[in-house]
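Chains as they are written, first to last, in our numbering: chain A, 9 to 89; chain B, 9 to 89; chain C, 26 to 152; chain D, 26 to 152.
In short, the hints are calculated from the structure, not lab data. One should not assume that every hint holds.
[As the list claims (entries may be wrong)] If we take Cβ atoms under 7 Å as the criterion, some of the chain D residues that face chain A in the derived model are:
#1 Y58
#2 W128
#3 W140
#4 P146
#5 A152
Quick reminder that beta carbons are idealized off the backbone N, C-alpha and C, glycines included.
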Amino acid sequence: MTIRSLFFASYRDLAGTGELVLTLSASSTVADLVAQLRASSRTLALLPAAPAVAVNMTYAPLETALRDGDEVAFIPPVAGG
Amino acid sequence: MTIRSLFFASYRDLAGTGELVLTLSASSTVADLVAQLRASSRTLALLPAAPAVAVNMTYAPLETALRDGDEVAFIPPVAGG
Amino acid sequence: MATPSDGAVLLFWGVVRNQNEGREVNGLEYEAYAEMAEAKLRGIVTEAAQRWGVGEIAVVHRVGKLNVGEASVGIAVAAPHREDAYEASRYVIEELKRRVPIWKREHYLDGPSAWLGGAVPEPEVPA
Amino acid sequence: MATPSDGAVLLFWGVVRNQNEGREVNGLEYEAYAEMAEAKLRGIVTEAAQRWGVGEIAVVHRVGKLNVGEASVGIAVAAPHREDAYEASRYVIEELKRRVPIWKREHYLDGPSAWLGGAVPEPEVPA
Numbered sequence: 009m010t011i012r013s014l015f016f017a018s019y020r021d022l023a024g025t026g027e028l029v030l031t032l033s034a035s036s037t038v039a040d041l042v043a044q045l046r047a048s049s050r051t052l053a054l055l056p057a058a059p060a061v062a063v064n065m066t067y068a069p070l071e072t073a074l075r076d077g078d079e080v081a082f083i084p085p086v087a088g089g
Numbered sequence: 009m010t011i012r013s014l015f016f017a018s019y020r021d022l023a024g025t026g027e028l029v030l031t032l033s034a035s036s037t038v039a040d041l042v043a044q045l046r047a048s049s050r051t052l053a054l055l056p057a058a059p060a061v062a063v064n065m066t067y068a069p070l071e072t073a074l075r076d077g078d079e080v081a082f083i084p085p086v087a088g089g
Numbered sequence: 026m027a028t029p030s031d032g033a034v035l036l037f038w039g040v041v042r043n044q045n046e047g048r049e050v051n052g053l054e055y056e057a058y059a060e061m062a063e064a065k066l067r068g069i070v071t072e073a074a075q076r077w078g079v080g081e082i083a084v085v086h087r088v089g090k091l092n093v094g095e096a097s098v099g100i101a102v103a104a105p106h107r108e109d110a111y112e113a114s115r116y117v118i119e120e121l122k123r124r125v126p127i128w129k130r131e132h133y134l135d136g137p138s139a140w141l142g143g144a145v146p147e148p149e150v151p152a
Numbered sequence: 026m027a028t029p030s031d032g033a034v035l036l037f038w039g040v041v042r043n044q045n046e047g048r049e050v051n052g053l054e055y056e057a058y059a060e061m062a063e064a065k066l067r068g069i070v071t072e073a074a075q076r077w078g079v080g081e082i083a084v085v086h087r088v089g090k091l092n093v094g095e096a097s098v099g100i101a102v103a104a105p106h107r108e109d110a111y112e113a114s115r116y117v118i119e120e121l122k123r124r125v126p127i128w129k130r131e132h133y134l135d136g137p138s139a140w141l142g143g144a145v146p147e148p149e150v151p152a
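All chains, please: the whole structure from these sequences, using the hints.
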């Protein structure tokens with residue numbers, strides 16, 4: 009299945025881009041996506057092992073099962089206001 | 009001694025005026041002034057026996073001793089804001 | 026009125042409502058013991074500024090006749106931190122209502138006007 | 026935005042300060058996950074409106090570069106009673122800081138810029 013990952017702020021600096029599209033095996037979870045990303049580059053290895061994520065704009069735990077076409081946003085600590 | 013009494017809002021309605029100047033015997037207190045005022049007219053008789061007062065713009069108890077020239081403001085329940 | 030070290034600005038307006046305790050109101054009248062009200066407001070502002078380390082506080086209160094929707098009181102607070110701005114603003118409006126010599130007469134659609142009951146200020150000094 | 030039954034209007038502005046934790050700041054940059062930030066803000070406003078019976082709440086948050094003294098966020102609340110206006114306003118800013126996907130990079134006088142640490146939003150749903 010195809011998963012779109014979004015990176016913001018300090019995580020975008022690590023990814024070197026705001027968006028990556030990856031192909032994952034069926035029944036992958038958010039944790040699997042994180043592991044795959046952390047293994048993909050020297051800087052993305054600096055992504056926390058348990059980052060906050062939003063799946064389709066809803067904050068979701070790492071055990072969340074992904075479905076084809078999901079959008080996973082990696083959310084560094086927020087600091088609005 | 010001479011005491012200036014100020015009346016506001018509902019108390020001004022009772023006094024029929026915003027200001028009354030009275031002559032009191034020496035060593036009178038605010039309570040004496042209140043008693044004298046309540047005895048002075050049918051409507052001022054409706055002034056509470058223990059109204060809030062400010063002596064020279066400071067909220068003061070009824071036992072406060074008055075001095076010549078003091079200004080005593082009769083303060084109905086306040087309702088600013 | 027904010028300075029470069031202020032991170033929060035809070036403006037409060039009290040506005041004349043069209044009803045109070047179920048009765049329709051079509052206007053208000055405020056009366057003040059102006060000189061004392063100003064002195065008490067200055068005192069309240071000083072207390073709030075010291076207690077919350079807030080540099081800038083401004084208060085205005087109207088007197089005379091006001092229509093529904095008009096602002097009767099405005100409180101502006103600028104502070105380094107928002108927590109202090111909220112606390113100081115709230116303190117000023119609550120203390121204003123508790124002890125500043127201002128009175129309110131409501132004009133009703135269905136009858137004569139009436140002075141509103143409110144807070145009885147406590148003595149500030151011993152006898 | 027107030028209606029005739031509103032007795033209180035509260036405006037909060039968050040303003041860029043000239044310092045943070047002892048370091049001199051000469052500007053900020055906000056980044057947002059705009060679509061999600063808008064959805065989360067709408068949710069927070071709806072929660073506040075229901076919890077405090079407040080009819081009118083508006084929030085704006087700027088993104089991009091801001092200078093010292095510029096407002097980054099504005100929250101306007103109109104409510105029948107002031108207590109609810111203060112509570113609702115405070116709720117909106119605290120929840121915004123807790124879970125709206127917006128990030129802040131500070132530019133310092135004495136060195137490179139840095140993304141600021143902040144709150145880690147909690148999952149909203151079970152796995």
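Task: Structure-inconsistent hints, enumerated in ascending order - done: Violated hints: none at all, because every hint is consistent with the structure.
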